[in-house]
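Could you put together the complete structure from these sequences and hints?
Chains A and B are the protein sequences, given in the same order. Using this note's numbering, the letters of the first sequence correspond one by one to residues 1 to 481. Using this note's numbering, the letters of the second sequence correspond one by one to residues 482 to 977.
Heads up, a few of these hints could be off.
Claimed, not checked - Which bits of chain B does chain A cover? Going by a derived footprint, with three or more residues having C-beta under 8 Å, they are:
no.	region
1	493-499
2	538-546
3	567-574
4	764-773
5	794-800
Calculated from the structure, these hints are not laboratory results. Since this is a predicted model, take the numbers as computed values, not measurements. Beta carbons: idealized from backbone N, C-alpha and C, even for Gly.
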Amino acid sequence: MEFESGNSQLLSKIATSDQHGENSPYFDGWKAYDNDPFHPTQNPRGVIQMGLAENQLSLDLIEEWIKKNPRASICNGEGLHAFKNIVLFQDYHGLPQFRNGVAKFMAKARGGRVSFDPDRIVMAGGATGANEMLMFCLADPGDGFLVPSPYYPAFNRDLRWRTGVQLLPVMCQSSNNFQITKQALEEAYQNAQKANIKVKGVILANPSNPLGTTLDRTTLRSLVTFINDKQIHLVCDEIYAATVFGGPSFISISEIIEEMESINRDLIHIVYSLSKDMGLPGLRVGIMYSYNNTVVNCGRKMSSFGLVSSQTQHLLASMLSDQEFTDKFVLENCTRLANRHEMFTQGLEEMGIRCLKSNAGLFCWMDLRHLLKEPTFESEMSLWRVIISDVKLNVSPGSSFHCCEPGWFRVCFANMDDETVKVALGRIRMFVGQRKDVEVQVKKSWHRNLRLSFSSLIYDETMASSPRIMSPHSPLVRATT
Amino acid sequence: MKMEVKNGDSQLLSKLATNNEHGENSPYFDGWKAYENNPFHPTKNPNGVIQMGLAENQLSLDLIEEWIKKNPRASICSPEGVNAFKDIAIFQDYHGLPEFRNAVANFMGKSRRGKVSFDPERIVMAGGATGANELLMFCLADPGDAFLIPTPYYPAFHRDLRWRTRVQLLPVVCESSNNFQITKKALEEAYENAQKANIKVKGLIITNPSNPLGTTMDRATLRTLVTFINDKQIHLVCDEIYAATVHSLDFVSISEVVQEMEDYCNRSLIHVVYSLSKDMGLPGFRVGIVYSYNDIVVNIGRKMSSFGLVSSQTQHLLASMLSDEEFVNEFLSESTKRLASRRGSFTKGLEQVGIRCLESNGGLFCWMDLRKLLKKPTFEDEMGLWSVIINDVKLNVSPGSSFHCHEPGWFRVCFANMDDETMVVALRRIRNFVEKGEDAEVITVKKQNKACQKTLSLSTSQICDENVTMTLSYSSPRVISPHSPIPHSPMVRART
Numbered sequence: 001m002e003f004e005s006g007n008s009q010l011l012s013k014i015a016t017s018d019q020h021g022e023n024s025p026y027f028d029g030w031k032a033y034d035n036d037p038f039h040p041t042q043n044p045r046g047v048i049q050m051g052l053a054e055n056q057l058s059l060d061l062i063e064e065w066i067k068k069n070p071r072a073s074i075c076n077g078e079g080l081h082a083f084k085n086i087v088l089f090q091d092y093h094g095l096p097q098f099r100n101g102v103a104k105f106m107a108k109a110r111g112g113r114v115s116f117d118p119d120r121i122v123m124a125g126g127a128t129g130a131n132e133m134l135m136f137c138l139a140d141p142g143d144g145f146l147v148p149s150p151y152y153p154a155f156n157r158d159l160r161w162r163t164g165v166q167l168l169p170v171m172c173q174s175s176n177n178f179q180i181t182k183q184a185l186e187e188a189y190q191n192a193q194k195a196n197i198k199v200k201g202v203i204l205a206n207p208s209n210p211l212g213t214t215l216d217r218t219t220l221r222s223l224v225t226f227i228n229d230k231q232i233h234l235v236c237d238e239i240y241a242a243t244v245f246g247g248p249s250f251i252s253i254s255e256i257i258e259e260m261e262s263i264n265r266d267l268i269h270i271v272y273s274l275s276k277d278m279g280l281p282g283l284r285v286g287i288m289y290s291y292n293n294t295v296v297n298c299g300r301k302m303s304s305f306g307l308v309s310s311q312t313q314h315l316l317a318s319m320l321s322d323q324e325f326t327d328k329f330v331l332e333n334c335t336r337l338a339n340r341h342e343m344f345t346q347g348l349e350e351m352g353i354r355c356l357k358s359n360a361g362l363f364c365w366m367d368l369r370h371l372l373k374e375p376t377f378e379s380e381m382s383l384w385r386v387i388i389s390d391v392k393l394n395v396s397p398g399s400s401f402h403c404c405e406p407g408w409f410r411v412c413f414a415n416m417d418d419e420t421v422k423v424a425l426g427r428i429r430m431f432v433g434q435r436k437d438v439e440v441q442v443k444k445s446w447h448r449n450l451r452l453s454f455s456s457l458i459y460d461e462t463m464a465s466s467p468r469i470m471s472p473h474s475p476l477v478r479a480t481t
Numbered sequence: 482m483k484m485e486v487k488n489g490d491s492q493l494l495s496k497l498a499t500n501n502e503h504g505e506n507s508p509y510f511d512g513w514k515a516y517e518n519n520p521f522h523p524t525k526n527p528n529g530v531i532q533m534g535l536a537e538n539q540l541s542l543d544l545i546e547e548w549i550k551k552n553p554r555a556s557i558c559s560p561e562g563v564n565a566f567k568d569i570a571i572f573q574d575y576h577g578l579p580e581f582r583n584a585v586a587n588f589m590g591k592s593r594r595g596k597v598s599f600d601p602e603r604i605v606m607a608g609g610a611t612g613a614n615e616l617l618m619f620c621l622a623d624p625g626d627a628f629l630i631p632t633p634y635y636p637a638f639h640r641d642l643r644w645r646t647r648v649q650l651l652p653v654v655c656e657s658s659n660n661f662q663i664t665k666k667a668l669e670e671a672y673e674n675a676q677k678a679n680i681k682v683k684g685l686i687i688t689n690p691s692n693p694l695g696t697t698m699d700r701a702t703l704r705t706l707v708t709f710i711n712d713k714q715i716h717l718v719c720d721e722i723y724a725a726t727v728h729s730l731d732f733v734s735i736s737e738v739v740q741e742m743e744d745y746c747n748r749s750l751i752h753v754v755y756s757l758s759k760d761m762g763l764p765g766f767r768v769g770i771v772y773s774y775n776d777i778v779v780n781i782g783r784k785m786s787s788f789g790l791v792s793s794q795t796q797h798l799l800a801s802m803l804s805d806e807e808f809v810n811e812f813l814s815e816s817t818k819r820l821a822s823r824r825g826s827f828t829k830g831l832e833q834v835g836i837r838c839l840e841s842n843g844g845l846f847c848w849m850d851l852r853k854l855l856k857k858p859t860f861e862d863e864m865g866l867w868s869v870i871i872n873d874v875k876l877n878v879s880p881g882s883s884f885h886c887h888e889p890g891w892f893r894v895c896f897a898n899m900d901d902e903t904m905v906v907a908l909r910r911i912r913n914f915v916e917k918g919e920d921a922e923v924i925t926v927k928k929q930n931k932a933c934q935k936t937l938s939l940s941t942s943q944i945c946d947e948n949v950t951m952t953l954s955y956s957s958p959r960v961i962s963p964h965s966p967i968p969h970s971p972m973v974r975a976r977t
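See below:
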């Protein structure tokens, strides 16, 4: 007897809507990569993964530390004595040493300019879980949060899916390097009011994903004034804090509120994680840090749904309280990121490709507007398909980040070794070179209907018909053991 | 940090943040406080409160420790295992490590008589069983929809199933007269009541083996349940997190029944929740599993699992451990043996002082019948007795009302989170309490016979004298559930 498993009456609305975002037309790059992953020797013509914001540059430092510190593991001879207590430990306050370690590391990533109270640290299932948890605490279904665009695509799932909260974009434009303006904020807020949507707060990532820029003091103060005036929340996702590799130095919201007077601190919340700064996404270390006591209290109860494994807490408690190690790590990590960033952006510049000037993150915001046939999103998608299928780089089109201007692409550079970067640059160079040749030819044969044999060089708009596309943190990422 | 919900909060924060639906402000938190303030220690604090409100399995951790010593490669931190560090540290695929899923599927099959096998592709991770239960509700029900749930049940279901999902729980009352078994009649009644109240019932959720009863359902009952939900085309969620606390030959899993009934049952309605917190005693690892026979639920659940994936470090360790066939067989055999032995010793000790427990073969606790110690069969008396047990007998046990039991006088007592010596101490205290109670009763009867007009004032507070009971129930300022609705009490800290 056949029964349907897909009856929409049978399941919840959440289960049958598409709000998780994975059926959106942005999943092709992942498929292309999965079907044909690059390997320097085994598959040198495969697709290079440049759509995943991972930090693989400094894992050797962590490995080295682990080798020298066997007690940090409950599985090693020396650490085994802690085994029983750790495996039984399920207190949602978290191991005190873990919270202390995280608080110290957070301070370190902010140059020691602020300190964090371990009692305000609440665990969550990765930054993914932390962001969702905050929405559950701050907003009711139907309420809205303003979010400057371009923004991290998975916010659509993390902030909205199960919470029922709406995201209202605050448009940022290339004309001022995508900075958030007071005008744009006010406009977005007013639009919400007109549409009868209750705005509960503003959420943003600083450093920004996908821009790789950090907010300056003026903008931060402006934001705080804005939310304080309206008595709405400010959620700062600072998960890239320790990836700031160049000037201007990072200014955390935690510093700003120390400087400003008459701010209602109950409105300020930080999301943190070790997935980007330390390159440990598998360990699912999400942190919610709130200046609001009720939110800390409520969040802590909610953290039961996504606590950090006590085995992992134990390991990190040890690692993050080793000040010598964390000092060295933060410094070395930034140096390596700076070098990689320079290598990549310089390589691109040499071929006439500009990136938005950035000082942080694991990616560049690449300006390919000049390669678009027309300044439309259809053209952007076409170009993207060419980059995936022919140049064989999985990059992320700006539209997936809800950018309001076509032609921008996010390219990740920290999840590969130097050689692979060179291969990627080589391919881009070839692509751009061929394209220039084509342009010349097109100009020469202006009056003829030219049919070129290089099908890959034509930005055929019919190619923008890809059925499935995937979010930058693809569910399909598998360990390449 | 003392947290008070301020006046302004209700405007500023969400309804979820300012309602009490997480359940922790309910008047059941005293036992935890008592324990926290005065925790028993065999040498350092032999008169302290013994923790018997926490369903933990500490009896077989030595077996796991031993395995770990012999298998250093299972850790990404050991010299032998550190070569896997990088790949594991960056692994965040919500499908989970294939070897982890395979190993969990294997373990699940083994703990269920080997009569069913589990498909690793249907295994979805969650943040502990806590996360798994909530995830299923998000997939199966809309806000305002309801799930039927047999009483007595695990208190934290209020938070896990209802809080952020806004799903309702409708109790299906079970009675001691038939050993709290679920009857078709009770199910139908609960369902009809929901219909009348215009509440949409999306399914039935059961825990098998039961918490707090410790009993397992027989095949006939399970078939009845499957028939019931299939008739109505509603879901059946089976929380089987205590599966391997029963000897595997005695446990009939829903998956076995589904297999038998597959020709006339819609499998898409069947979902299993699993975890390693109870069966293996590893609650800190947060290994929650959703196993659904519904493809869409697997698919959607997997996307939702992003909110509570199992740490890849932990996945890696367990993948290794649970794919060791020899270890798994030995562990399951030895663990269930030790639990049975502990259960036997404890219930025997209780029987010797005239305290009956519901006959059970699973779980990490007994369902103790103290009805005869109640002066009146009321919940006030139950709370009074409970206060006495905490404050005077100094055992943190959990009153039946915290499990929404319909009849007063039942208490859940956990026995697997302590060593033999502590259990002996606990039994001795209970014996003393009961014996003093008997003496006092005798005195009461004699004195009442002698002088009916005198108000009896007894020197020992252990007597369930009405005056004493009333005094006790009003004297405790803050109450925390002895079986905290939060199974991992905020009060429990690692004692390193």
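Run the structure past the numbered hints and jot down the numbers of the failing ones, going up.
none
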